[in-house]
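Student: Each chain, written out:
Number of protein chains: 2
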Amino acid sequence: MEITGKNFIGDRLSSLGEEHYKTFDSLRNVENKTLFISANTKELEEAVTLADAAFPIYRDLSDTKRAFFLKTIGDEILKISEDLIDIYCRETGLDVERATAERDRTLFQLQLFAKTIETENWRNKITKTAQPDITPKPTLTKTNIPLGPIAVFGASNFPLAYSTAGGDTASALAVGCPVIVKSHPMHSGTGEVVATAIIRAAQKTGMPNGVFSNLNAKSYQLSHDLVRHPKIKAVGFTGSFSGGNALQKTVFNREEPIPFFAEMGSINPIAILPQALENDCQKIADRIGNSIALGAGQFCTQPGLLLTVDEAHTDQFIVELTKVLKGLGQQCMINPELKKNYIRQSDKINRLEKSIQILSHKAQWDNQFVEPKLSVISADQFIAYPQFQEEVFGPFSLLVKCKNLKEIERLVFNLKGQLTGSIFAPKTHYKSILPLIQVFKSKVGRLLFNDVPTGVEVTAAMTHGGPYPASSDSRFTAVGPGSIYRWLRPITFQNWPKELLKKIIN
Amino acid sequence: MEITGKNFIGDRLSSLGEEHYKTFDSLRNVENKTLFISANTKELEEAVTLADAAFPIYRDLSDTKRAFFLKTIGDEILKISEDLIDIYCRETGLDVERATAERDRTLFQLQLFAKTIETENWRNKITKTAQPDITPKPTLTKTNIPLGPIAVFGASNFPLAYSTAGGDTASALAVGCPVIVKSHPMHSGTGEVVATAIIRAAQKTGMPNGVFSNLNAKSYQLSHDLVRHPKIKAVGFTGSFSGGNALQKTVFNREEPIPFFAEMGSINPIAILPQALENDCQKIADRIGNSIALGAGQFCTQPGLLLTVDEAHTDQFIVELTKVLKGLGQQCMINPELKKNYIRQSDKINRLEKSIQILSHKAQWDNQFVEPKLSVISADQFIAYPQFQEEVFGPFSLLVKCKNLKEIERLVFNLKGQLTGSIFAPKTHYKSILPLIQVFKSKVGRLLFNDVPTGVEVTAAMTHGGPYPASSDSRFTAVGPGSIYRWLRPITFQNWPKELLKKIIN
Chain B
0 MEITGKNFIG
10 DRLSSLGEEH
20 YKTFDSLRNV
30 ENKTLFISAN
40 TKELEEAVTL
50 ADAAFPIYRD
60 LSDTKRAFFL
70 KTIGDEILKI
80 SEDLIDIYCR
90 ETGLDVERAT
100 AERDRTLFQL
110 QLFAKTIETE
120 NWRNKITKTA
130 QPDITPKPTL
140 TKTNIPLGPI
150 AVFGASNFPL
160 AYSTAGGDTA
170 SALAVGCPVI
180 VKSHPMHSGT
190 GEVVATAIIR
200 AAQKTGMPNG
210 VFSNLNAKSY
220 QLSHDLVRHP
230 KIKAVGFTGS
240 FSGGNALQKT
250 VFNREEPIPF
260 FAEMGSINPI
270 AILPQALEND
280 CQKIADRIGN
290 SIALGAGQFC
300 TQPGLLLTVD
310 EAHTDQFIVE
320 LTKVLKGLGQ
330 QCMINPELKK
340 NYIRQSDKIN
350 RLEKSIQILS
360 HKAQWDNQFV
370 EPKLSVISAD
380 QFIAYPQFQE
390 EVFGPFSLLV
400 KCKNLKEIER
410 LVFNLKGQLT
420 GSIFAPKTHY
430 KSILPLIQVF
440 KSKVGRLLFN
450 DVPTGVEVTA
460 AMTHGGPYPA
470 SSDSRFTAVG
480 PGSIYRWLRP
490 ITFQNWPKEL
500 LKKIIN
Chain C
0 MEITGKNFIG
10 DRLSSLGEEH
20 YKTFDSLRNV
30 ENKTLFISAN
40 TKELEEAVTL
50 ADAAFPIYRD
60 LSDTKRAFFL
70 KTIGDEILKI
80 SEDLIDIYCR
90 ETGLDVERAT
100 AERDRTLFQL
110 QLFAKTIETE
120 NWRNKITKTA
130 QPDITPKPTL
140 TKTNIPLGPI
150 AVFGASNFPL
160 AYSTAGGDTA
170 SALAVGCPVI
180 VKSHPMHSGT
190 GEVVATAIIR
200 AAQKTGMPNG
210 VFSNLNAKSY
220 QLSHDLVRHP
230 KIKAVGFTGS
240 FSGGNALQKT
250 VFNREEPIPF
260 FAEMGSINPI
270 AILPQALEND
280 CQKIADRIGN
290 SIALGAGQFC
300 TQPGLLLTVD
310 EAHTDQFIVE
320 LTKVLKGLGQ
330 QCMINPELKK
340 NYIRQSDKIN
350 RLEKSIQILS
360 HKAQWDNQFV
370 EPKLSVISAD
380 QFIAYPQFQE
390 EVFGPFSLLV
400 KCKNLKEIER
410 LVFNLKGQLT
420 GSIFAPKTHY
430 KSILPLIQVF
440 KSKVGRLLFN
450 DVPTGVEVTA
460 AMTHGGPYPA
470 SSDSRFTAVG
480 PGSIYRWLRP
490 ITFQNWPKEL
500 LKKIIN
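Line order of the protein sequences matches chains B and C.
The first sequence: position 325 = 324 (numbering that gives the first Met the number 0), numbered continuously.
The second sequence: position 184 = 183 (numbering that gives the first Met the number 0), numbered continuously.
Among the clues, some could well be false.
It does not matter which identical chain is used: a pair holds within one copy or between any two.
Simulated pairs of lysine to aspartate or glutamate, EDC-like, Cα-Cα distance not exceeding 20 angstroms [as the list claims (entries may be wrong)]:
1) Lys64 to Glu75
2) Lys230 to Glu408
3) Lys248 to Asp472
4) Lys217 to Asp51
5) Lys203 to Glu310
6) Lys440 to Asp51
In case anyone wonders, no lab produced these hints; they're calculated from the structure.
No experiment lies behind these values; they were computed from the predicted model shown.
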């Protein structure tokens, strides 16, 4: 299919804006040919007005109908998969295998949310019948209803599963919220292909026009205009701390505060007990090394911090880990911007302290390829510079040598909020890690034992989020069926006769 | 018992501050004798530090132990009830009957939250066992844990049930969050008596010191210092829009955003169909009139807006309602400040439009007594002045005469968010009110049929909250067991052996 570079304002293609941009083929190191036209304020206004008008209609459709819409989106995506995977690869530098896996995850999520609203008590409906024996009290029925039109931001590192028809969109559409996506300028072509599938599905299943819009924009202005629009009732964002934080500030300046859920990544510390290395040094190095460099390290849960005790096996672990990372070799990053950031941010970290021992640091090429890096510092150095806690987006990890387990605990205690934390320890050392677990509990959304954090399973038992700045509100998850609760609020119906109640609530 | 006027910094009485104030006996129209000493920044710091240190200990106590603490707070309150009700009446102008009812509601809530954590799956624990048949995936267990120390603000109109040991405090303590209460300066004596009971209960049940502190303050500075403190992890507030909004701004300026739940009241519109008045004019006037003036109209759910259709029975309804309100006569307001606000705000509303017909407006006395007021305007007038949507805290209501039901719908569509909305209609007019119900759904936290909004039942089916500005986050309720979710976040444990998991999660 031809990519137009235009915006979807509801079901209508539109290109009134004056800002233009192109996406980049990192693997071939050339610009892609499509010219994307950023949406202007008029188009934004139209998209939001349509979404607002669609809301009361879409909200009150049966769960079956909305589920059918979601499943049809999946069908439509599948139909255009060849084109989709082609443009995906040309806009990300990622390979067909990854593209296919991410497409399948997207399809799975659409199915999952459809199933959730069709089969589960997701509205948490509770009825308390009047008790005529005490003071006459009316019957109360509580149920969840959707908030209204939601703004969703495409994520640079998940062009499918956390962008146009990704987790935020699917969860919001499932529960009755229209969605306006601000496509990511690094993969607006991928976004347009998916948007086409969503619009087709909306038309085929008779959804109200405006249930979905897709806006392009290279500069930040449109994003801020979108989240400050009075008719936008919540925001879903996956991306960098700086991006999330800037949008958060705009949301905070609204007259009406709205829920803003941003997943802003973290450095996902892994604490490794010396006794674990004693037994499994090579195996652990292999698992962690592969997690560090998976997908060129471009995952929110990439482990960027390794906390070890400076004992005999630690140096052996460093040697093994270096071997693994070197073995993985060079990898293509999604975009020149991300490559530049990776080089700049890892260099910045490495320059903070002269004593940093750089174990894996090669000259960088002209193209978008990079190599994994590993740096080693002491706990004192780590504590001295808060900058060591900044995320390096890419295959970089910082290994800290602590004096003992107590120092690891102290270091974790001083960490900012994280998506994940991991502990590697032999099963014989349960007792000694109990205090560390207690400290980690206050810091993370997910705590792992002898496991690496990459690979976020989409299930009801997943928490993808965590204390700030890992997310902007630790009470919610961005992954799994529970993510719908970001877009829902309770409402209680009091004293309504049963026959009327069933007509006014789903 | 003697009231000291001091602050509880954990279990220690402290009075280092330089600001002093007294509470007021509205019924007798005199100041009470106790001099209250506002907490200073040092005391605030101590209270927060203690709460922060108590948190990991308190968080990991068994549900049984925390439930026992809550029940013991109830026992201790009951023991000092005579003193409590005496000071309550002397600080509020409310009578013994109301004091007793509110005490009983407080005791009920403590019991309810104790029962909730002892008997219900409030942690929403979910385990997803590894499935060895597909790609090896680890077992995930998701559970809720508390956020950390919570700041709670005493409410002017609920000195017991929504203040020191009220809903916010009880729900936070139940799930493992230490609480720091900023007592309301209108009833700091009542607050101190209750705080004494909480501290005694904490000591008797072996809770860590710092699990509860009670701070006095007349000026606003301490409140803002409290909510901007980095160790405070969430805020519960019940009060005015201006107070809630000011605190919200301070929260938004924190480096780390935290959940801020404010219930800021509303005007609780009641739409009355002409056909309802045709059948039950007097009965409806009686119910609504009593709801308007209940407790001198000092409830968040007081109906301040009556939407009628200008037809034959409407004038009869106004006559009947005026009769009811006049019959209720003068009532004592909680505090001179609230009386002043009531006069000022109702006068302001009445002056907005010359054509306002004031149906119940008497000269006001030197003491703290007031009379109910009722004003009548047209829909056009209401729409012309957004000020008509401002809450008048007290026994005032504004009756709007609309041309027809469509105009009522349009008016509701233009309303800000509300705690409640009500529709009075005969059961024969289901169909005609369906569009109005749809409009109301986007505006309220609770929608009533042939019922008045005052009297908020404490049950799992209650929603006390609603779209902004009724509350700052419509996704939560301030009343009922569900209110605990304001203070909880999910955490997932991945790949932990069962025998260890049961030691690290409750």
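Student: Each hint needs a verdict: does it hold in this structure or not?
Tutor: Results of checking the hints against the structure:
1. Lys64 to Glu75: within (16 angstroms within a copy, 54 angstroms between copies)
2. Lys230 to Glu408: between (46 angstroms within a copy, 19 angstroms between copies)
3. Lys248 to Asp472: both (14 angstroms within a copy, 17 angstroms between copies)
4. Lys217 to Asp51: Neither. Shortest intra-copy (25 angstroms) and inter-copy (44 angstroms) distances fail the 20 angstroms Cα cut-off.
5. Lys203 to Glu310: neither (64 angstroms within a copy, 46 angstroms between copies)
6. Lys440 to Asp51: between (40 angstroms within a copy, 14 angstroms between copies)
Checked against the numbered hints above, the structure violates hints 4 and 5; every other hint is satisfied.
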